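Enquirer: Single-letter residue listing:
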Amino acid sequence: MATVEVPQEKKAESTIPAPTQSTPKTITLRISRFNPSENAETKFEEFKIPVQKWTTVLEAILYVKQNLDHSIAVRYSCRQASCGSCGMKINGKPRLACYTKISELESNVVTVEPMNNFPIIRDLAVDFKQLFSTHKKMKPFIVNEESEVLPGTKEFVQTPQDLEKFLQFSYCIKCGLCNSACPTMATDKSFVGPQGLAQAYRYTVDNRDQGKKERLKIVDQSHGIWRCHFAGSCSNVCPKGVDPAMAIQLLRGYLLGFRT
Amino acid sequence: MRESIIMKIHYGTALGAVALVAVHILMRLSQKFSDSLQYQNVIANYHFLPYALMLEVILVLLSVHGFNGLRVILLELKQGATYERAINYGSIVAMAALVAYGSRTILMAGMGHS
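Residue numbers (the numbering used here), protein chains in the order written: chain D, 19 to 278; chain S, 1460 to 1573.
Just chain D, same shape as in the assembly (with noise of 0.2 Å):
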């Protein structure tokens, strides 16, 4: 009789390396104080923290207000870089605090400051009263008479290339980071901004709006596109990669009759 020789199932090895252990360490975090029911100084406070190398800034925030001191007035939401929320000014420069890790910072001590160019409600929460509104303003939403689709009607037909002119514009989270970076809104409170001007251009030039005319007419003012100086600021901070200077200059394409 044939006997058949059933192979012995070999153990399987994994190839995955074992992951490595990060090792804690103890960084210094500068937290910005300011009240302004209480006095109207702005002071840092520093707290000892342990971090891991993956560590972002918000949660050594989060340590802090759960383990330290739970009066540091701090917003933020989704700890994905979608809302917008916890943008602050990480060792000098704005950026989501949620979207940092320390280890990327290369520095013991770590400062955290309010956003610039925005009103301070406390600590490190602002006022985003300003930024809202001139996004309204812009109107973002596509300005057609005929976009409602009865029966017998069809949705628009968009290309690549037409999503393509406006896709990155449509990636931006209204974390203000880019006018927090601006040099013109330091000294302009009445600018536009780089995130209302990139907004206007994200829906002037999809090809489904027939807004562009009322929109050029709210930044061509003269506290409107004009005073962009390009120092591309904006561009450099902003998390989601979008480009408001490229937005800019190809907005004032329009208004100096280079584009139509």
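You can trust all of the hints, since none of them are fake.
Listed next, the in silico DSSO-like pairs over lysine-lysine satisfying Cα-Cα at most 27 Å (straight line):
1) Lys157/D with Lys230/D
2) Lys1467/S with Lys231/D
3) Lys1467/S with Lys183/D
4) Lys107/D with Lys1537/S
5) Lys235/D with Lys1467/S
6) Lys154/D with Lys1537/S
7) Lys207/D with Lys107/D
8) Lys111/D with Lys1537/S
9) Lys155/D with Lys1467/S
10) Lys147/D with Lys1537/S
11) Lys1537/S with Lys235/D
No lab work stands behind these hints: they were computed from the structure. Treat the numbers as computed from the prediction; the structure is a model and nothing was measured.
Assemble the complex: chain D is given as a structure, and chain S must be docked to it using the hints.
Expert: This is chain S only, laid out in the frame that chain D set:
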């Protein structure tokens, strides 16, 4: 006036001024630089009508461009309806005054007065 029209004038006057000032400098090179600043040579320039006209155009271009630039800087420095109106009208008045004074100089020198 719409800001885009003002800025078109601003860029246009800059380009025009660069071109005409280049011609003006090249004219200085037609002789030794120190000679070009001699009293008789300077007066002779004003008596030569096309050159005097070019100087007048340069004066207008630079005044318009310069005072609009100053207006923009001042508008960025401070905001407020009254302040901005004062800056806008003040720039126009200052520009007109400078053009008038410069034109007077060109005319007087051209007519032989000093």
